[in-house]
Every structure is written in C-alpha cells, then in structure tokens.
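Residue-level listing of the chains:
Protein chains: 2
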Amino acid sequence: MPRAAKPDRPAEPPTSRDRILEAAARLICEKGYEATSIQDIAQATGLTKAGLYHHIRSKESLLLEIQHYGMDVFEERVLSQVVSIADPLERLKTCMEKNVLLVTQGWSKEVTIILHEHATLTGEARAQINGRKKRYVRFLETSFAEAVRSGQIRPVNPKVAAFALLGMVLWIYKWFRADGPIPAEQLAREMQDVLFGGLEVKPTAAGPARKANRG
Amino acid sequence: MPRAAKPDRPAEPPTSRDRILEAAARLICEKGYEATSIQDIAQATGLTKAGLYHHIRSKESLLLEIQHYGMDVFEERVLSQVVSIADPLERLKTCMEKNVLLVTQGWSKEVTIILHEHATLTGEARAQINGRKKRYVRFLETSFAEAVRSGQIRPVNPKVAAFALLGMVLWIYKWFRADGPIPAEQLAREMQDVLFGGLEVKPTAAGPARKANRG
Chain A
16 MPRAAKPDRP AEPPTSRDRI LEAAARLICE KGYEATSIQD IAQATGLTKA
66 GLYHHIRSKE SLLLEIQHYG MDVFEERVLS QVVSIADPLE RLKTCMEKNV
116 LLVTQGWSKE VTIILHEHAT LTGEARAQIN GRKKRYVRFL ETSFAEAVRS
166 GQIRPVNPKV AAFALLGMVL WIYKWFRADG PIPAEQLARE MQDVLFGGLE
216 VKPTAAGPAR KANRG
Chain B
16 MPRAAKPDRP AEPPTSRDRI LEAAARLICE KGYEATSIQD IAQATGLTKA
66 GLYHHIRSKE SLLLEIQHYG MDVFEERVLS QVVSIADPLE RLKTCMEKNV
116 LLVTQGWSKE VTIILHEHAT LTGEARAQIN GRKKRYVRFL ETSFAEAVRS
166 GQIRPVNPKV AAFALLGMVL WIYKWFRADG PIPAEQLARE MQDVLFGGLE
216 VKPTAAGPAR KANRG
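Just so you know, the sequences run in chain order A and B. Count the first sequence with this note's numbering and you get residues 16 to 230, in order. Count the second sequence with this note's numbering and you get residues 16 to 230, in order.
Treat the hints as calculated values from the structure; they're not laboratory data. C-beta: ideal position from N, C-alpha, C; glycine also. Errors might be hidden in some of the hints.
Claimed, not checked - Example chain B residues on the side facing chain A (calculated, C-beta under 7 Å, incomplete):
no. : residue
1   : N172
2   : M183
3   : W186
4   : G212
5   : E215
Stated by the list, open to error - Listed next, the in silico SDA-like pairs over lysine to any residue satisfying Cα-Cα at most 25 Å (straight line):
no. : chain 1 : residue 1 : chain 2 : residue 2
6   : A       : K74       : A       : T137
7   : A       : K148      : B       : G195
8   : A       : K189      : B       : A142
Please put together the full structure from these sequences, using the hints given.
This is how it looks when you write it as structure tokens:
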C-alpha cells in the first residue's frame with residue numbers, strides 16, 4: 016500500500032515497517048504494554064533485537080509509531096480521499112463509508128484499539144496524536160456546519176453530529192467480525208442510511224415515503 | 016442511590032462500597048491497573064489496607080466489582096426504567112436518552128473506561144460481564160426488530176441499529192465535558208434526533224417537512 020513519505024522517516028520499504036507495527040500492535044493488545052518486551056516484538060516479527068532496533072528507538076517510540084501509522088493509513092484512505100469533494104453532504108457520506116471500510120478491512124483491530132484506547136503516551140507524543148485526531152473532528156464539524164448552511168441537513172449542532180458519526184464508526188471495532196453475518200460494504204451502506212436517513216418513518220399523507228423521496 | 020441488593024453481597028452501606036469502587040476506578044485509569052497497588056486504593060479511599068480487605072478480596076476481584084458496579088448502575092438507571100415501555104420506538108428513544116444522561120452525569124468517566132476498555136479480566140469474570148453487556152445488546156436488537164415490524168422505523172438490520180445507538184452513546188465519554196458548551200439534556204435530545212430523525216432534509220413538494228411532520 017503506497018503511503019506518502021514523511022520527512023522524518025528513513026527511506027525503507029514501508030511494508031516492512033508496517034508489518035512490524037501491525038505485529039507489535041497485536042502483541043501489545045494481547046499481553047499488555049508493560050508486559051510486552053522488545054524481545055517479544057522482535058520474535059513476533061522474525062527479527063533479531065538488533066534488527067528491530069534498526070527500525071525503532073524504544074518501546075515508547077514504537078507505541079507512538081503505531082499511532083502515527085494508524086493516523087497515516089486513516090488520512091491516506093479516508094481523509095485525503097474526501098477533502099476535495101465540493102458538496103458537503105456527499106463529502107460526509109463518502110467519508111463515513113470509507114471510514115467504515117477502513118475499520119472493518121483496512122488494518123488490524125489492534126491498531127484501532129491502540130489508537131483509541133491506549134493512554135500510555137504522554138507529553139509531546141500524546142499531543143502529536145491528539146492534534147491529528149482533532150484535525151479529523153474539525154473537518155467533520157466544518158462539513159456538518161456547511162451542510163446545515165446549504166440546507167441539506169437539519170440544523171444540528173455540528174459537534175454532536177461529528178461525534179455521532181465518529182461513535183457509530185469507531186465503535187464498530189468492538190463488535191464487528193469479518194466472518195460475521197454482515198458484510199463490510201453492507202454495514203457501510205446501512206450506517207450511512209441510519210445517520211443521514213434516520214430510522215423513524217414519519218407519517219405523511221403519502222404514506223411511508225422516506226425511501227420513495229430519495230434521489 | 017438505592018440499588019437492589021445482590022444475593023452475593025454482604026449487607027453494608029452501598030454508598031461506602033460505591034465510593035471505594037469509584038475511587039479505585041479513577042486510580043486504575045490514572046496509573047494503570049498493573050501499577051496500582053491495594054495500598055494506593057486504601058489511601059485514596061481513606062481506609063487502612065485491612066479496612067479495604069473487609070470490602071474486597073483482591074485487586075482482580077476489585078476490577079470485576081467495578082465492572083459489576085457499572086452494570087448495576089446502568090441496569091438500575093437505564094434498562095429497568097425502560098423494559099416495560101410497551102411501544103418499541105418510545106422504549107428505544109427513552110433508553111437512548113437515559114443512557115446518554117448516565118454516561119454524562121451518572122458516574123465517573125473512569126467507570127465507563129473500565130467497563131468498555133479494560134481487557135484485564137479473564138475467564139469466568141470476563142464471561143460474567145460480557146453476558147451482562149450482551150443482555151443489553153439483545154434488548155436493543157429485539158426492540159429495533161419490533162419497531163421495524165410495527166412499521167415505526169425503516170427496515171434496518173437490528174444489529175446495525177443497536178450498535179449505531181451504542182456507538183453514539185458510549186463514545187460520548189471520550190469527548191463530552193460536563194463544563195463544555197453542550198448541556199447533557201441537550202445532548203440527549205440531539206442524539207435522539209440524529210438517530211431517529213436522521214440528518215438529511217429530503218426534498219418534498221411540501222418543502223423541508225421533516226420537523227413539521229413530527230408529533
């Protein structure tokens with residue numbers, strides 16, 4: 016998977032680095048961060064300890080790298096794909112679809128867990144990741160506000176709408192199974208329908224016209 | 016706050032027990048479970064270590080107790096308040112409202128974190144808590160299926176609808192601040208509107224009639 020090179024990253028095959036980060040994420044989620052040693056991670060990735068230290072500086076820098084990796088993949092596969100969509104409603108719908116597909120198929124569940132549950136990062140490292148997350152929240156809030164102004168969605172608090180979308184999408188890793196009864200594409204469609212179409216059928220003279228009104 | 020006595024609980028003032036569990040939850044979230052000692056928890060609750068052991072058996076049993084406490088409060092303030100509502104749509108809306116108010120006001124954020132992020136429980140203890148959580152998911156799925164059958168909501172996959180509601184409500188602890196710009200009651204109302212009313216304004220001959228159709 017191609018990824019924009021970061022200026023602070025050495026030129027090395029990204030797949031090798033990503034593989035290390037995915038394996039480390041799985042191990043940290045399984046054993047706990049404290050209980051996971053650099054030796055464990057080296058073993059899981061088929062590297063020597065020295066070989067692993069060629070890629071990472073320390074266990075804490077590895078945790079930060081996993082979170083940056085998660086944000087890199089997210090920005091590449093979701094945010095950068097939709098920022099240029101002019102229509103705010105279309106932008107938000109496509110964004111939701113791509114984010115659902117990312118959390119169901121795009122990476123290991125463990126990367127999501129480390130990105131959203133892991134509180135071990137502190138100070139500057141924590142601030143870096145929070146800044147990247149906040150950029151996404153601001154993007155959603157701005158898009159919802161724009162869609163309200165354009166009259167495409169009801170006057171809703173953009174912050175509530177943004178976190179409703181985020182909650183629906185990011186909670187998925189807690190229950191979704193790739194081998195379960197709901198395919199990822201269907202889930203993305205149904206989540207879009209729930210958020211943008213709403214659930215309730217409103218009684219109208221024309222009968223249950225919600226679906227018929229579409230398009 | 017009154018709570019139904021559990022058969023396996025000694026007769027003691029529940030407020031004292033709850034206070035210990037809330038304090039322990041805060042400490043565990045702050046320092047991490049591994050790094051928190053029984054001595055730390057005793058100190059935080061103003062008890063001697065012996066006094067604390069009068070209430071709990073071990074650190075692992077304390078973690079299980081915090082999760083049972085979270086589920087007890089949830090069942091008392093949310094589930095038991097709504098199970099007997101005959102109308103499935105009304106039941107779901109009230110349930111969502113009460114659950115939003117619980118996560119914003121009902122207990123410490125740390126109890127929610129331990130309930131939903133803490134993976135340290137294993138075996139029988141883990142199965143107990145998962146069983147209680149699954150009971151809530153089943154209740155939501157059944158209610159959504161019933162509301163689809165009654166024609167009150169669109170034909171939606173009840174599992175997707177249940178986890179959409181859960182995601183919206185349970186993600187709140189990650190961003191909501193009691194001293195922030197959105198009061199809890201407003202958040203509960205807006206979240207209900209987003210999930211049940213949907214966001215999108217559908218073009219109809221009668222104009223933007225979504226709000227007007229209500230009631």
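Hint check results:
With a cut of 7 Å, the hint placing N172(B) at the interface with chain A holds, because the nearest CB-to-CB distance is about 6 Å. The interface hint given for M183(B) holds, since its Cβ lies 4 Å from the closest Cβ of chain A, which is under the 7 Å cut-off. The restraint placing W186(B) at the interface with chain A holds, with a minimum CB-CB distance near 3 Å, inside the 7 Å limit. Interface hint status for G212(B): upheld, as the beta-carbon distance to the closest one in chain A is roughly 5 Å, under 7 Å.
With its C-beta approaching chain A no nearer than about 4 Å, E215(B) sits inside the 7 Å limit, and its interface hint holds. Of the pairs offered as hints, the one joining K74(A) and T137(A) holds, with about 13 Å between alpha carbons and a cut-off of 25 Å not exceeded. Distance restraint check for K148(A) and G195(B): the Cα-Cα separation of roughly 19 Å lies within the 25 Å cut-off, and the hinted pair is therefore satisfied. Taking the CA atoms of K189(A) and A142(B), the gap is near 16 Å; set against the 25 Å cutoff, the hint holds.
In summary, the structure agrees with every hint in the numbered list given earlier.
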